[in-house]
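All chains should be built: construct the whole structure from the sequences, respecting the hints.
Protein chains in written order, with my numbering: chain D, 1 to 354; chain Z, 1 to 354; chain U, 1 to 326; chain Y, 1 to 326.
Just to be clear, a hint being listed does not mean it is correct.
What the hints assert, rightly or not - Each computed DSS-like pair below joins lysine-lysine, with the alpha-carbon atoms no more than 25 Å apart:
1. D:Lys-154 with U:Lys-253
2. D:Lys-3 with Z:Lys-207
3. Y:Lys-23 with Z:Lys-154
4. Z:Lys-300 with Z:Lys-281
5. Z:Lys-154 with D:Lys-281
6. Z:Lys-154 with D:Lys-3
7. D:Lys-207 with Z:Lys-3
8. Z:Lys-154 with Z:Lys-207
9. D:Lys-281 with D:Lys-207
10. D:Lys-300 with D:Lys-281
11. Z:Lys-207 with D:Lys-207
Stated by the list, open to error - Computed, partial: chain D to chain U, Cβ under 10 Å:
12. Ser-119
13. Ser-149
14. Glu-153
15. Leu-180
16. Thr-182
17. Glu-338
Hint data in this document are derived by calculation from the structure and do not stem from the laboratory. None of the values given here were measured: they were computed from a predicted structure. Idealized CB from N, CA, C, for every residue including glycine.
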Amino acid sequence: MRKHMASFEIDCTAYLNADGAPLGDLPDFAGDTETVVALYRAMVRTRAFDTKAIALQRTGRLGTYASCLGQEAIGVGAASAMEPGDVLLPSFREHAAQLRRGVTPVESLLYWGGDERGSDFAGPRNDFPVCIPVASQFPHAAGVALAMSLNREKAVAVAIGGDGSTSKGEFYEALNLVGLWTLPAVFVINNNQWAISVRRREQSAAKTLAQKAIAAGMPGEQADGNDVIAVRDAVSRALARAREGAGGTLIECLSYRLGDHTTADDARRYREDEEVKAHWKEEPIARLRAWLVAEHGWSKTDEESLLRGAADEMDAAAEAYLATEPEQAASMFDHLYETLPGDLTTQRAEVSDG
Amino acid sequence: MRKHMASFEIDCTAYLNADGAPLGDLPDFAGDTETVVALYRAMVRTRAFDTKAIALQRTGRLGTYASCLGQEAIGVGAASAMEPGDVLLPSFREHAAQLRRGVTPVESLLYWGGDERGSDFAGPRNDFPVCIPVASQFPHAAGVALAMSLNREKAVAVAIGGDGSTSKGEFYEALNLVGLWTLPAVFVINNNQWAISVRRREQSAAKTLAQKAIAAGMPGEQADGNDVIAVRDAVSRALARAREGAGGTLIECLSYRLGDHTTADDARRYREDEEVKAHWKEEPIARLRAWLVAEHGWSKTDEESLLRGAADEMDAAAEAYLATEPEQAASMFDHLYETLPGDLTTQRAEVSDG
Amino acid sequence: MAELTLVEAVRAALGRALEEDPKVILFGEDVGIDGGVFRATDGLVQRYGFDRVRDTPLSEALIAGMAVGAAAHGMRPVAEVQFMGFIYPAIDQLVNHASRLRTRTRGRLTCPMVLRAPYGGGIHAPEHHSESTESMLAHIPGLRVVVPSSPARAYGLLLAAIRDPDPVVFLEPKRIYRALREDVNDDGTALPLDQAFLLREGSDVTLVTWGAMVVETLEAASALAGRGIQAEVIDLATLKPLDTATILASVAKTGRCVIVHEAAMTAGLGAEVAAQIAERGLTSLLAPVRRVAGYDTVMPLPRLEGRYMPGAGRIVLAVEDAMAFA
Amino acid sequence: MAELTLVEAVRAALGRALEEDPKVILFGEDVGIDGGVFRATDGLVQRYGFDRVRDTPLSEALIAGMAVGAAAHGMRPVAEVQFMGFIYPAIDQLVNHASRLRTRTRGRLTCPMVLRAPYGGGIHAPEHHSESTESMLAHIPGLRVVVPSSPARAYGLLLAAIRDPDPVVFLEPKRIYRALREDVNDDGTALPLDQAFLLREGSDVTLVTWGAMVVETLEAASALAGRGIQAEVIDLATLKPLDTATILASVAKTGRCVIVHEAAMTAGLGAEVAAQIAERGLTSLLAPVRRVAGYDTVMPLPRLEGRYMPGAGRIVLAVEDAMAFA
Ligand SMILES: Cc1ncc(C[n+]2csc(CCOP(=O)(O)OP(=O)(O)O)c2C)c(N)n1
Ligand SMILES: Cc1ncc(C[n+]2csc(CCOP(=O)(O)OP(=O)(O)O)c2C)c(N)n1
Ligand SMILES: [Mg+2]
Ligand SMILES: [Mg+2]
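What follows is the structure, given as structure tokens:
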């Protein structure tokens, strides 16, 4: 005899189609020009940063860099839904979210330029630095959320990882805990369809990545990751639930990695230009612009001044970054422990001399 | 706009209620007296082994031992559905499955008595030894299944773990791969409701553990783990699917740990005797016996001779185990590498002398 | 003042830390109602509640990673891994995060966490329950690795570890959890980290050890005294960073050194001690340095475990060897 | 005979192994169509198909554990971890399973697997991409740890590792993946494991090293020759088990030893080499053993990386120190 025990559903939130036309009713905030223009500005600013970073790398003035081209809506949508007291735990690709949270372009360039001071950002002091070991930020988010809940902070830990990160054990372990302890943590997946050369469908047979939340007994949903309104809406709802004490959410944002994996990668080795070209039709900035033009009176002048402003900002940031002197070599010992233990002072002296 | 993307269902297989009364139609094999009596014999034999092992431990003649009291139907049901060419990857509690596969009681006692030769069993030569680090057998099962499929073996890797093991990253990572590569692997979860002192409901907010398969995009189902007919049926179906090349299955078997976690544990520290007593009413052996008496003419004489036979077998096994001389101390070097590297021969000589 | 066993001292320190600092939280497998499989946390959930003493799911990588997150966000997590044999999934978080969060952020975020784990062999435990792989952790810059060897040192060092602003792996020698009692004053006094303890003075040979092997080493020292050999016994206590000054000073005095540890010899921490002497104490050496250590083989199951563990006899032989050297 | 770089030699060995033994399979992240992020597997999926050259999901613990399972069931898996910085989740499977499956089953099941990973610094890579933690693995009984230092040695040692009946961690010094070319005869000839290579003979001082540091060490040896100091250079190649005989024989001849490695000094493998000398070669020593190694701090990001990496200059200084000792 087979008894039915449980059923589960997975939904996807989407508001604008690829042409920027509404698919139905929009959330309230979409009526507020200032809010939506701010979202647009943040995406454009991110892209300007990205362009500058790649240019710097190509000319040997920045280290390996992971572009977020085409995925700006995810970071911007998520970060714009967050409060300053929330904590962001980003993967290496979430410049959009970091910039929106207040990390400056100079700080970010410093980091990608190989200077630890880039992670000592002045802005969101409790945010985590970029996380390189895939999925290792999810347990941190669980820990931050635990601290928040013990401190009755009414704040939320928001971790962002890639589609590939959902294959790592730590992702599941952390998700399971968030579900179990109803912790205020939101896990956002930037499903850009690729983990370096491995396609999303070669990563898991799961039809959606959102359904991985079912394993943890917690809510999981998809959002159109090329639609910043959808991302912001889904993340806002999840944050509100978490702030109420109702626990975490997994949000899979569907997007596409329009660029190489990093500047060290050559994506033409493993995917056709045709495929990339097709996805350019879905990218988040043009889509929102079309809608802003149609619904919020966004003008050509607005656009031009925004683009110019963003480019100027990034030029200035690049200059400031390039003008930053490297730290003293001895600095490699200065934050190892709060107080440097005896024997290491000898090594520190050696590196200073060397 | 919220679009519906996917739905999932979880079922539970059960045939006999706690009193041994059928809940509906039974699978075909249940009509065959020889088959079902063999299942019963295997469960009783396991319990006799368990009793003997605990007695040996209590009198200082065996190491720490993990009893499978009350969970005999899971190992017996799973192993009886397997072919000799399949590979079992058991956790430390699955004596029922190991004995049914042909590991001898002497070999098992040797292992639990602290002698590596116990894992060099004569029977199922490709089966894995007992796995102590929780969940670490699941990746092995994926690897064995990969080898089987590359070799076109038409065989299946069957890993058994506990409810606690479903919280470990490796469980999910392996499950995800089995789903992705449609590998011939079946993961059986002995959900005995406890991971030492941690209750099933403190392990995960997931309503069922079977639903963790949804994260891997593969079938997951529950079976009544106190009903050997249900376990065998569910595992048989999964094995048939896997052998056809249709991939793996996660099967959560619902049971209860009637004993302490191990002989080193005292479960009264964390659970009430009342709770345990209530679960004795559901245990698998009395249930099958009631049904065998009602449907297959199982008699008191049959029962007595079975019990006597099993007890005699375990007495003899214990004697043989106790009579086994320990290995030479130098044996600790003899299987470290195929050929002992130079420097270690000195250490080997030292331990021989010592 | 109370006579406590080592595990009781651990419990006293945990209770004291919970009492004195509301930021201290405990979590791990079975640390709640069960009080830990060795009872190190017995009674604490009853006293401090489920918020502060929590059973986690069975997930070691998570336990370590969650500790990093909670520590960075202002807590003082004291996490438990049930046995060192199950610490490996947590190593990624120790190497890639805990040990370097301060460095990575130039001090903006820090990681004042403690990861406790019972370790070591000799108690006839099942497979994977007896290893000593502390040297793997002692290699990691930015970590502290601390091992107590007596109830009083367990109490004082654990308090110090919890109060330390940086991550500490605290390895508890389970073989001596209940082996002896010692007066422990539960007054909140910590012992210094990063310093070795001189357990016995002597002029003929320096014995360097830590953890449970302190017992056999002191036993050997007594036996040697009976034969007129005065052994100085150093308990390293903090394995990372290493207190090389104490070691070198002693070897400068005695001219001989025997290092004793349970862990496999090759690339064990004894190698670092020997290397320090070979580099910085060579001229005082009157005899080759000797290591008495676990063999470079897999720790055998209980039946042969006794033949694996270094005992006082092997220490005495090594010292006699060193004394006989000319 | 072809002039190959080290990474090309790795690829040639992998191709040869796939060709000669149908049981050999390759898997890891991006090893398929992308050919590995360093192109070590470039072209292999095209030649040997998806069955034998597989991209895995992003799961290092699984990669290692699956290799154990496949190896035990008769295959010869050669798994890749993309960078050593991501090997830590795989360590549990290495310590608790791969290294001891043979011992645990008294030879019934074995584990002929290879786990490859690029390692080491000096290429201005992002965080976590530059570390050298080989000594953590060299501590584990039952494992082999092998590091090539030239194209020919990469070819011969990797073939040997794949054919070896026991588990091998094969660490590839990525800094010299393309640094130099060497004639490599792709004729399937393996080089011996468990043996160090004498790269340069000399009578004044023994330089012990491995991996990419062989370059700086040879450079230092040349510079020293110019000053009349004849350095003998030993490439350990197999770090576990260690070929102590070759080291001790050389030190017996030269009386001086400088050990060079990139990894952090404390509890690095250099400590084991120094310890072996302090134990078994003491009487031949004319000067203290010296280690030129990475500092005991977190490997800095690219801007300061150059100040972290030991260079030929530091080696020369250490040797001059050793020569000056009296
Ligand atoms: C644990 C770990 N393994 C491997 C890598 C190397 N690596 C860097 S990014 C990446 C792919 C990540 O894919 P995904 O999670 O989808 O993120 P994306 O790069 O697409 O943003 C890999 C394999 C890593 N950083 N961490
Ligand atoms: C990775 C790991 N962590 C911790 C332990 C210690 N331990 C042994 S059994 C156990 C609980 C296992 O629970 P479950 O998976 O439900 O299996 P059961 O014991 O109930 O059969 C724990 C925590 C272990 N063996 N392995
Ligand atoms: Mg991706
Ligand atoms: Mg259980």
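Against the structure, the hints come out as follows:
Among the hinted pairs, D:Lys-154 with U:Lys-253 is inconsistent with the structure: their alpha-carbon atoms are about 60 Å apart, more than 25 Å. With a C-alpha separation of about 15 Å, the suggested pair D:Lys-3 and Z:Lys-207 falls inside the 25 Å cut-off, and the hint holds. Our distance criterion of 25 Å between C-alpha atoms is met by Y:Lys-23 and Z:Lys-154, whose separation comes to about 17 Å. For the hint linking Z:Lys-300 to Z:Lys-281, the alpha-carbon distance of about 20 Å falls within 25 Å, and the restraint holds.
The suggested pairing of Z:Lys-154 with D:Lys-281 is violated, with an alpha-carbon distance near 46 Å, which exceeds 25 Å. Distance restraint check for Z:Lys-154 and D:Lys-3: the Cα-Cα separation of roughly 30 Å exceeds the 25 Å cut-off, and the hinted pair is therefore not satisfied. Straight-line distance between C-alpha atoms of D:Lys-207 and Z:Lys-3 comes to about 15 Å, which keeps the hinted pair within the 25 Å bound. Between Z:Lys-154 and Z:Lys-207, the direct Cα distance comes to roughly 34 Å. Violation of the 25 Å bound is thereby established for this hinted pair.
As the CA atoms of D:Lys-281 and D:Lys-207 are separated by approximately 23 Å, the hinted pair is consistent with the 25 Å bound. For the hint linking D:Lys-300 to D:Lys-281, the alpha-carbon distance of about 20 Å falls within 25 Å, and the restraint holds. With a C-alpha separation of about 21 Å, the suggested pairing of Z:Lys-207 with D:Lys-207 holds against the 25 Å cut-off. Against a cut-off of 10 Å between C-beta atoms, the interface hint on D:Ser-119 holds, since the closest Cβ of chain U lies about 5 Å away.
Hint on D:Ser-149 holds. Least Cβ distance to chain U is approximately 9 Å, under the 10 Å limit. Contact between D:Glu-153 and chain U, as hinted, is supported at the beta carbon level, the nearest pair being about 9 Å apart and thus within 10 Å. The closest approach between the C-beta of D:Leu-180 and any C-beta of chain U is roughly 6 Å, which is under the 10 Å cut-off, so the hint is satisfied. With its C-beta approaching chain U no nearer than about 13 Å, D:Thr-182 sits outside the 10 Å limit, and its interface hint is violated.
Evaluation of the D:Glu-338 hint against chain U yields a held restraint, the C-beta minimum of about 4 Å falling below 10 Å.
Hints 1, 5, 6, 8 and 16 from the earlier list are contradicted by this structure; the remaining hints agree with it.
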